[in-house]
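Each protein sequence line maps, in turn, to chains A and B.
Under our numbering, the first residue of the first sequence is numbered 82, with each subsequent residue one higher.
Under our numbering, the first residue of the second sequence is numbered 20, with each subsequent residue one higher.
Hints in this document: simulated from the structure, not taken from any laboratory.
For glycine and all other residues, C-beta sits at the position ideal for the given N, C-alpha and C.
Mixed in with the good hints there might be a few duds.
[To be verified] Pair ranges (Cβ atoms, derived): (1) 275/A x 106/B: 42 to 48 Å; (2) 127/A x 181/B: 23 to 29 Å; (3) 158/B x 129/A: 49 to 55 Å; (4) 327/A x 158/B: 39 to 45 Å; (5) 185/B x 319/A: 47 to 53 Å; (6) 378/A x 124/B: 41 to 47 Å.
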Amino acid sequence: MADKVLMKGNEAIAEAAILAGCRHYFGYPITPQTEVAAYMAKRMPKIGGTFLQAESEIAAINMVYGVASAGYRVMTSSSSPGISLKGEGLSYLAGADLPALVVNVQRGGPGLGGIQPSQSDYFQATRGGGHGDYHMIVLAPASVQEMAELTVKGFELADKYRMTSMILADGTMGQMMEPVALDLDIKPAPEKPWATRGTGMKRPHNIINSLSLVPEELEQLNLERYERYHIVEENETRFEEYMMDDAEICIAAFGIAARVSKNAINAARKEGIKVGMIRPITLWPFPKAPFLKATEHVKTFISVELSMGQMIEDVRLATECRAPVLLCNRVGGMIPSPDQVLDSIRKASKNGGND
Amino acid sequence: MSTKQFLFSGFGGQGILFAGKFLAYKGLTEEKQVSWLPSYGPEMRGGTASCSVIVSDDPVGSPIVSNPDILVAMNLPSLDRYEDSVVPGGMIFMDSTLIEREVRRKDVKVFAVPATALASENGFPTLANMILMGKILNELGEFGAEGVDAALRKVISAKHADMLEVNFKAMKIGADH
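Whenever a hint applies, use it, and build me the whole structure from the sequences.
Following this line, the structure appears as structure tokens:
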């Protein structure tokens, strides 16, 4: 086990990306993710990489498109309003089946909103973000260690499935420091025979494009893409269960909401309430199976979110309406306190979800 | 199981985040679980800065400290804002140079140190934070701990190694106060 160092979540993402072989970063500053760019600005020139502060978020995501086309590991990072600007690029990356890593350290919205933590870009992330039928692999870290590990995993999955991976963090995860072990499990990037790195006069040209004007062909591309998505759903769904064995109440929470919920669960357990948690680590693909299985003994689900209730829809779909799903939330940059979550648990315990 | 939740608060520039970072590193070198969460809002640009630090034997749940065991208040707005949030039986360390009022709470232990005045008198006016830190460590029985030296070497970069000695001195003054 390597020595642990204290790092901010944002710095852990940047260092992990470098360790994973990413040598091209394009970004534009925005609170609360600016440390990612700052770290890259410091390190990339020293290791022969590219740090480029683009003229806008839109420019940055299109630079990502360029490097991804050449088959190199590449990333950009931003926060909520900046991710909206990247929406078009995200759709084009999907349409061209390019692997890339995009980081969203969320802040309160909509609009320019505030700069405090939020999880209200859940829909945007899990439903694609841009136009058209597509998905991104969405990873939701709940510790600085996971910020590092999921960054590596994000590159790996992006390459494997020729998709964009998104790290969906929030201001707390980005700004907090925790010990990190950087002896990460890193697999080298696979061969990318589709990349546009020059033919060497030995093969036909590769073409990277998202334009397809023949509807029959475009339909086929969509169908093939969704076959790939199906494999991702089968193989790459990740979650953590906490005290679920005998749980009658199940909390669904990711990221900072899961951290807060853990405190509440520990307190509720001391009161004799049988409560546990399923923490999705991949938000897409959503861990449907453990939620459905939990309905065998769970009477009430509580979705704890820093949004007006977005993930709750996936929890309802996954549990097939076999048990009520309540919402416990704060928005606009506020974070639910452990006491607020504990109150929700107590109510659910008393009312059996009929509150 | 032992968990200590600290909340540091004061003006931007008083070294609130630095003091918190030092404590987090101290925990890390002592193989504890730690978290450090700064305020990063508009208030840090010219107003109050605060940071939550948790040092525990167990994995840290929420990194947000809303009810500190130990409050470190370096100015009056901080004491006004956070006094009531301290857990009963908790501790309040305050810079009595800048806070002229008494603590109202009777169910907490109060340590008033004229840290800003002591820092100025000793020729390192920016180290009121570490004077208070010395007092905190002394009261917690951790002043002589090995982690103190190691943590200081972590938070003070090699470039500023000349600052090590004055930081030690500042902490000693606080501890002896």
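Outcome of the hint check:
Hint check: residue 275/A to residue 106/B, Cβ distance near 59 Å, so the stated range 42 to 48 Å is violated. Under the hint 23 to 29 Å, the C-beta atoms of residue 127/A and residue 181/B, about 26 Å apart, fit the expected range. Between residue 158/B and residue 129/A the Cβ separation comes to about 50 Å, which falls inside the hinted range of 49 to 55 Å. Taken as a hint, the range 39 to 45 Å holds for the pair residue 327/A and residue 158/B, whose Cβ atoms sit roughly 42 Å apart.
For the pair residue 185/B and residue 319/A, the beta carbons lie near 48 Å from each other, so the given range of 47 to 53 Å is met. Between residue 378/A and residue 124/B the C-beta distance comes to about 45 Å, which sits within the given range of 41 to 47 Å.
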